[in-house]
Amino acid sequence: MLTRTLLLGAASALAMVSFANAETLTIATVNNGDMVRMQKLTDDFTKKNPDIKLEWVTLEENVLRQRVTTDIATKGGQYDIMTIGTYEVPIWAKQGWLLPLDGLAKDYNKDDLLPAIRDAVSVDGKLYASPFYGESAMVMYRKDLAEKAGVTIPEKPTWDQIAEAAKKMTDKSTETYGICLRGKAGWGENMALLTATANSFGARWFDEKWHPQFDQPEWKHALKFYVDLMKEAGPPGASSNGFNENLALFQTGKCGIWIDATVAASFVTNPKESKVADKVGYALFPTGGVENHGNWLWAWNLGVPAGTKKAEAAQKFISWATDKAYTELVASKEGWANVPPGTRTSLYANAEYQKAAPFAKITLDAMTAANTSKPTVKPVPYTGGQFVAIPEFQGIGTAVGQQFSAALAGSMSVDQALQGAQALTTREMTKGGYIK
Amino acid sequence: MARATTTRSKVIFTVIGWTIGFLIFFPILWTFLTSFKSEGAAVATPPQFLFFDWTLENYREVQSRSDYFKHFTNSVVISVGSTLIGLALAIPAAWAMAFSPTKRTKDILMWMLSTKMMPAVGVLVPLYLIFRDWGLLDTRLGLVAVLTMINLPIIVWMLYTYFKEIPGEILEAARMDGASLMKEIVYVLTPMAVPGIASTMLLNIILAWNEAFWTLNLTAANAAPLTAFIASYSSPEGLFWAKLSAASTMAIAPILIMGWFSQKQLVRGLTFGAVK
Chain W
1 MLTRTLLLGA
11 ASALAMVSFA
21 NAETLTIATV
31 NNGDMVRMQK
41 LTDDFTKKNP
51 DIKLEWVTLE
61 ENVLRQRVTT
71 DIATKGGQYD
81 IMTIGTYEVP
91 IWAKQGWLLP
101 LDGLAKDYNK
111 DDLLPAIRDA
121 VSVDGKLYAS
131 PFYGESAMVM
141 YRKDLAEKAG
151 VTIPEKPTWD
161 QIAEAAKKMT
171 DKSTETYGIC
181 LRGKAGWGEN
191 MALLTATANS
201 FGARWFDEKW
211 HPQFDQPEWK
221 HALKFYVDLM
231 KEAGPPGASS
241 NGFNENLALF
251 QTGKCGIWID
261 ATVAASFVTN
271 PKESKVADKV
281 GYALFPTGGV
291 ENHGNWLWAW
301 NLGVPAGTKK
311 AEAAQKFISW
321 ATDKAYTELV
331 ASKEGWANVP
341 PGTRTSLYAN
351 AEYQKAAPFA
361 KITLDAMTAA
371 NTSKPTVKPV
381 PYTGGQFVAI
391 PEFQGIGTAV
401 GQQFSAALAG
411 SMSVDQALQG
421 AQALTTREMT
431 KGGYIK
Chain E
1 MARATTTRSK
11 VIFTVIGWTI
21 GFLIFFPILW
31 TFLTSFKSEG
41 AAVATPPQFL
51 FFDWTLENYR
61 EVQSRSDYFK
71 HFTNSVVISV
81 GSTLIGLALA
91 IPAAWAMAFS
101 PTKRTKDILM
111 WMLSTKMMPA
121 VGVLVPLYLI
131 FRDWGLLDTR
141 LGLVAVLTMI
151 NLPIIVWMLY
161 TYFKEIPGEI
171 LEAARMDGAS
181 LMKEIVYVLT
191 PMAVPGIAST
201 MLLNIILAWN
211 EAFWTLNLTA
221 ANAAPLTAFI
231 ASYSSPEGLF
241 WAKLSAASTM
251 AIAPILIMGW
261 FSQKQLVRGL
271 TFGAVK
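For the protein sequence lines, the chains are W and E, in the order given. Mapping of the first sequence onto full-length UniProt numbering: residues 1 to 436, in sequence order. Mapping of the second sequence onto full-length UniProt numbering: residues 1 to 276, in sequence order.
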């Protein structure tokens, strides 16, 4: 048995070598609806390119991030294509970890990409990853509950209007809560929402010299507003709610307003899974006294790591998966509502898509309103909307998120949370060499 | 009167025992039930316990999306392989420590155990680089090696405790009768230590089966075991609880069944030497 095990191990090592000759692309990706759909449709690609085989590695987002970061930082060469976010692309490109995508197919129309998204995945005018689907954030609300409560939510609401509507929609006796917002700690969980919210209140993470700004009145205003609103009109246990928990609450009819990623719209309007599919209204991300809609912008992109030996085939696949023809392929097989959103201008000009996706216009408005190179009203030394595009942000963002989640849970006050955030961010930024 | 008290306490202890057992088992039961629900029913509030539309849709979906058998084979090879190599290394080591201890035996044992105290992520990058240079990334051979090393301290410790229970006099008697060292280990020591070795083996297979740090970080497509199979169904953006539950049920079923059949051995092995 022992010998057999060793032989099996050796055989699998050999198998890897022989695979390498047959041009197999190993693609690392996240498990979400659009990516799963792409995996199902790859027959179309392999028929057109019989010399290329595809091998998928699907992982949960955080596991994937850790996995691909280890691999790319050590030039492990395990993957030929990686699915990465707009947070990673500029950082990795500057490190020289990603290949510039200069071998994409001829009919890949770079100018058709939404400008905000294209900028987010480009460094010095070169494209370093190709967006597969993109999202911003917006308000989703129950039209029926708003009507019952006698409130209207304008297309460009302010936070005060949202708060008023949420309080009126709340009916705790029927477990209906006016507003559901993220509370679970994490740089991509509650801090995405709170950074965007802070932007809309005129707050910023750092001043021009990288000094943290949690001791400024704008942050206090934003955080206090969030905690007070959630206490009055939010669901119980909100400090452990992330995207999924809020999605479950909203689609089972427990939430009046949910402010989150635009991609949620396709879930809550799906009559198979959502009880409120035909009752959802949309509005832009609220403003809090300054002209700023949060600047939330995210995209999942396909990039080619510098360690791969199959760059040409990899770019062939990326061209297939992210060009306009792919959206038409999805539309023909699964309908226009299932097309990956938020990457191409042409999609939003398509009448059939607009008809199939009632949230198309607002998604486009939200995405065009987002400006990640100037995320806040006051000047800042960083880019990124609902995150700060520096490598340290994952760690700092999650630690600050824990403070704010504790403030929401009531185990510390808003002031204590802000003081904690200020202290830990100052410490980390000094350690990182930003604060001289 | 005395009898009544005994019966009552018996009933109480039985109830407590079953309650604790049920509580521990509940997450697995819930996962199992959820795997037969639709995605909508999986997140319904209040939760639906038994009265929902049972469906096999999730299993069908999981089957069509992933190659379960490949992941399963990898899991078996990795867990069984690492356990057997581990035992082959640990039996002589534990024998030496138990029957001819030196002044430093205890220290060596402690040192071995101390290697388990370091968080795995601390050596991720160095190990990753070694694996990359030796071409071991995403190979079963590499995973067998790393899991063997990780679990070796536990195997040595467990075997050491079992071997300590065996009277040295019996081995001496064998030696008096002219048995060689090899014969002594194979014909005298091993048969007496079989329950201990068996339970060590079973426990180690379970540990290796469940290992989810190295098996996720050192594999990609070829050597990924069932841990990666489960991880591919988890998502922070989208409600896929039912599919995730179906994948989890499929991943734990083999080891659960193995544990069920061998529970007597496991319990006996784990309590071996508990009462002196």
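Please keep in mind that the hints were generated in silico from the structure rather than gathered at the bench. Small disclaimer: the values here were computed from a predicted structure and weren't measured. Just so you know, not all the hints are guaranteed correct.
Some, not all, of what chain W presents toward chain E, calculated at C-beta under 8 Å [to be verified]:
id, residue
1, ASN31
2, GLY33
3, ASP207
4, GLU208
5, TRP210
6, GLY242
All residues carry an ideal CB built from backbone N, CA and C; glycine is no exception.
For each hint, the structure was consulted:
Because the closest C-beta pair between W/ASN31 and chain E is about 4 Å apart, less than 8 Å, the hint holds. Annotation: W/GLY33 was flagged as interfacial toward chain E, and the flag holds, the nearest CB pair being 6 Å apart, inside 8 Å. Look at W/ASP207: its Cβ only gets to about 32 Å from chain E, farther than 8 Å, so that hint breaks. With a least beta-carbon distance of about 33 Å to chain E, the hint placing W/GLU208 at the interface is violated under the 8 Å criterion.
Given hint, W/TRP210 at the interface with chain E, is violated; its Cβ is 27 Å from that chain's nearest Cβ, farther than 8 Å. Satisfaction of the interface hint for W/GLY242 is found here, the shortest Cβ-Cβ separation to chain E being roughly 6 Å, below the 8 Å cut-off.
In this structure, the earlier hints numbered 3, 4, 5 are contradicted, and the remaining ones agree with it.
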